[in-house]
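These protein sequence lines map, in sequence, to chains A and B.
Start counting at 1 in the first sequence, then tack on 1, and there's your number in my numbering.
Start counting at 1 in the second sequence, then tack on 5, and there's your number in my numbering.
Source of the hints: derived by calculation from the structure; they are not laboratory data.
Remember, predicted model here, so these are calculated numbers, not experimental data.
One should not assume that every hint holds.
Claimed, not checked - Sample of chain A residues facing chain B (criterion: CB under 7 Å; computed from the structure):
no.	residue
1	L77
2	P80
3	D83
4	K87
5	T90
6	A93
7	G94
Note that beta-carbon positions come from the ideal geometry of N, C-alpha and C, so glycine has one too.
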Amino acid sequence: MKRPIRILAAGSTVAAMALIAAGCSADDGGDSDGTVTITFWGSYGNGGNSTQQDVLESTLIPAFEKANPGVQVEYLDVPYDDLLQKLTTSAAGDELPDLVRADLGWVPRFADLGVLVPLSQEMDDFQELADATYPGVLATNLWEGEYYGLPLDTNTRVLISNPAALEAAGLSAPPATFEELQAMAEALDGTDITAFADGGLGAWNLMPWIWSGGGDITDADLTTSTGYLDSAANVKTIQMLVDLYQAGQASSGLVGNEGAISTSEGLPGGNYATILDGPWMTGIWAGQFPDFAPVYSPVPAGDGGSISVVGGEDIVLTASSKHKEEAMDFIRFTQSEEFQLALVPTGQLTVIESLGDKQIELDPQLAVFTEQLATARNRLAIPNASEVDTILNTELVPAFEGAISVKEALENAAAKIDELLAS
Amino acid sequence: MSRSTRRAAGIGLGTVRHVVLLAGALLMIAPFLYMVAISFTPNSYVLTTPPQFVPENPTLGNYAQALDAQDIPRYFVNSLVVATISTAISVLLSSMMAYAFARFRFPGREVIFRILLVGLMIPAVMLLIPQFVLAKHVGLLDSLGGLVVFYVAGSLALNTFLLRGFLEQTPAELDEAMQMDGANAWTRYWRLALPLAKPGLATATIFTFLACWDEFAWALTIINDPEARTLPIAIRLLAGQGNNAVQWGVVFAASVMAVIPVIVVFLVFQRHFVQGLVSGAVKG
Numbered sequence: 002m003k004r005p006i007r008i009l010a011a012g013s014t015v016a017a018m019a020l021i022a023a024g025c026s027a028d029d030g031g032d033s034d035g036t037v038t039i040t041f042w043g044s045y046g047n048g049g050n051s052t053q054q055d056v057l058e059s060t061l062i063p064a065f066e067k068a069n070p071g072v073q074v075e076y077l078d079v080p081y082d083d084l085l086q087k088l089t090t091s092a093a094g095d096e097l098p099d100l101v102r103a104d105l106g107w108v109p110r111f112a113d114l115g116v117l118v119p120l121s122q123e124m125d126d127f128q129e130l131a132d133a134t135y136p137g138v139l140a141t142n143l144w145e146g147e148y149y150g151l152p153l154d155t156n157t158r159v160l161i162s163n164p165a166a167l168e169a170a171g172l173s174a175p176p177a178t179f180e181e182l183q184a185m186a187e188a189l190d191g192t193d194i195t196a197f198a199d200g201g202l203g204a205w206n207l208m209p210w211i212w213s214g215g216g217d218i219t220d221a222d223l224t225t226s227t228g229y230l231d232s233a234a235n236v237k238t239i240q241m242l243v244d245l246y247q248a249g250q251a252s253s254g255l256v257g258n259e260g261a262i263s264t265s266e267g268l269p270g271g272n273y274a275t276i277l278d279g280p281w282m283t284g285i286w287a288g289q290f291p292d293f294a295p296v297y298s299p300v301p302a303g304d305g306g307s308i309s310v311v312g313g314e315d316i317v318l319t320a321s322s323k324h325k326e327e328a329m330d331f332i333r334f335t336q337s338e339e340f341q342l343a344l345v346p347t348g349q350l351t352v353i354e355s356l357g358d359k360q361i362e363l364d365p366q367l368a369v370f371t372e373q374l375a376t377a378r379n380r381l382a383i384p385n386a387s388e389v390d391t392i393l394n395t396e397l398v399p400a401f402e403g404a405i406s407v408k409e410a411l412e413n414a415a416a417k418i419d420e421l422l423a424s
Numbered sequence: 006m007s008r009s010t011r012r013a014a015g016i017g018l019g020t021v022r023h024v025v026l027l028a029g030a031l032l033m034i035a036p037f038l039y040m041v042a043i044s045f046t047p048n049s050y051v052l053t054t055p056p057q058f059v060p061e062n063p064t065l066g067n068y069a070q071a072l073d074a075q076d077i078p079r080y081f082v083n084s085l086v087v088a089t090i091s092t093a094i095s096v097l098l099s100s101m102m103a104y105a106f107a108r109f110r111f112p113g114r115e116v117i118f119r120i121l122l123v124g125l126m127i128p129a130v131m132l133l134i135p136q137f138v139l140a141k142h143v144g145l146l147d148s149l150g151g152l153v154v155f156y157v158a159g160s161l162a163l164n165t166f167l168l169r170g171f172l173e174q175t176p177a178e179l180d181e182a183m184q185m186d187g188a189n190a191w192t193r194y195w196r197l198a199l200p201l202a203k204p205g206l207a208t209a210t211i212f213t214f215l216a217c218w219d220e221f222a223w224a225l226t227i228i229n230d231p232e233a234r235t236l237p238i239a240i241r242l243l244a245g246q247g248n249n250a251v252q253w254g255v256v257f258a259a260s261v262m263a264v265i266p267v268i269v270v271f272l273v274f275q276r277h278f279v280q281g282l283v284s285g286a287v288k289g
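Please model the entire structure based on the sequences and the hints provided.
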């Protein structure tokens, strides 16, 4: 071993000791001079597209701090895919922040762990705030009779069409019903355009079809799936998708083919005529397919009407928070017109129903999404909701491949979901 | 077979060999070249089909953005400090342990060694929560020091295992001779064992540095202060799989910068590294 390396080794040991000592002496900070610091974790800045984080950090948080002297908000941006893991570990170590911008599927999970505060008990004005939001979005916060959060931002899926593909099918407007979609698929037979594309069979993908077809996945009290998921209405709806797939008019991404052209590239590229997707697609295409002019329209209506699925995030307060009052003030601030409308231009839809018109004024392209949200519904609000996606993805594929009947596949999935609900 | 045809066959075989090797090398380097190419491509041209290996409208904008707007240099320095210090401490400590296991006889030696090896068999993810609770109680959360301590602890087992095997193969007679001349254990370790184990130390250094440089899960879990983030977290924040459009050009520009230290470490130590991998393969 050469001398310089040895010196380096010895030197680093000393440096490390100093570093560790510095780490040990770092305190929680902030509270000595009377100011209260509330911490807030989320993934606004996700994807390096920092417009949302910029609005939050340079406009909204300063506005709140100005209105609430002595309170500071410290926002931490965490990669979206890893936020759940970080939250889980921090919950185990009792190191959660005061506030979390949680994906709406996570609220029941953390409420079940007992690390969240039921806002419907703690906040005097909860009912007033809750009443202002879309019912489907608010429902994502419900767990065992209490609301553990308030909606922060929302989104939903609508039908997005490629105008050139519509023209190729001889249509002047996107398909508005199941029948029109099937007719379009027949018209596209023999072209190299696929009528419909999606990236899987999870609840986010499938529920708009199921609800619009007049079916559901469980009863209202979340006790059983058998008798609901395998209903005649659902058999009819899923059979329609299976028929499209077997006729080559639904993309193989539907049954989990990772190699299929993604919906975000295939629609502007002319491979797909229609997809279901959210308001963020506009921004994605503006950068990469500047010439593409997507056509937005409601989810095709079936026997149940046109009903889509709710997505988005909720804001929750943790049980370990030492500054609950100040944190609840921030929650109230997130429900204000100022907060809600500031994020609209960055691709977040407001959760306040009465702000819908102002939202459309800010961005006319959001009209269809705003309208769709009024009836959009929430997926199963259970702690292990992600397993529902796995079940649907695994159990329904054999029906698409023609190995078993749609009825049989839905019965199998319902039986698995029953087990999930019982646990 | 005449001499000339044999030579012709030899040339033919050599050419085939070269073609196969070249194809293999191209296959290995293609993703890397693609990453470099994208890092110089403006964002609106990133996902074109077929992929462009030579960007049509090359730009340095991605690098400028990564260096300037995304604060990559700070995260680069954080990662470099953590990985260098962790590697140095880990190699130092594990070589001492390995020397003890290789040269000293003491009761329970093999038992202790096997307990150490158990550490290799537990997946790191399973240790995340217990480590987090431990780090919280010793005040190591949200600091680079917390990363160093756990990176060193996590790499000791493998390095000790590697270096023990290495040191056991150096002739014990040299050690005994030094002992006869009155050299104490420290002198024998520092002046004899370490120089002889250079290839092993190089191997341990490369592995440890790579592991610390790339480590993501633990850093993500304990680091909250944006100024203390390491490079893998920063790149992950750029490339998150959320609802937004990913700026691939910037992600790849940051990734190219992240690869540089790995290449440097490998080039510096690789001469010894290859030797380290093959030594002991043939008994001689």
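Do the hints match the structure? See the list:
For the restraint placing L77 (chain A) at the interface with chain B, the shortest Cβ-Cβ distance is roughly 6 Å, inside the 7 Å limit, so the hint holds. Look at P80 (chain A): its Cβ gets to within about 4 Å of chain B, closer than 7 Å, so that hint holds up. For D83 (chain A), the shortest C-beta to C-beta distance to chain B is roughly 5 Å, which falls under 7 Å, so the interface hint holds. Interface hint status for K87 (chain A): upheld, as the beta-carbon distance to the closest one in chain B is roughly 6 Å, under 7 Å.
About 5 Å separates the beta-carbon of T90 (chain A) from the nearest beta-carbon of chain B, less than 7 Å, and the hint is met. Given hint, A93 (chain A) at the interface with chain B, holds; its Cβ is 5 Å from that chain's nearest Cβ, closer than 7 Å. A distance limit of 7 Å between C-beta atoms decides the matter here; for G94 (chain A) the minimum to chain B is near 4 Å, and the interface restraint holds.
Going down the numbered hints, you'll see the structure goes against none, and every one checks out.
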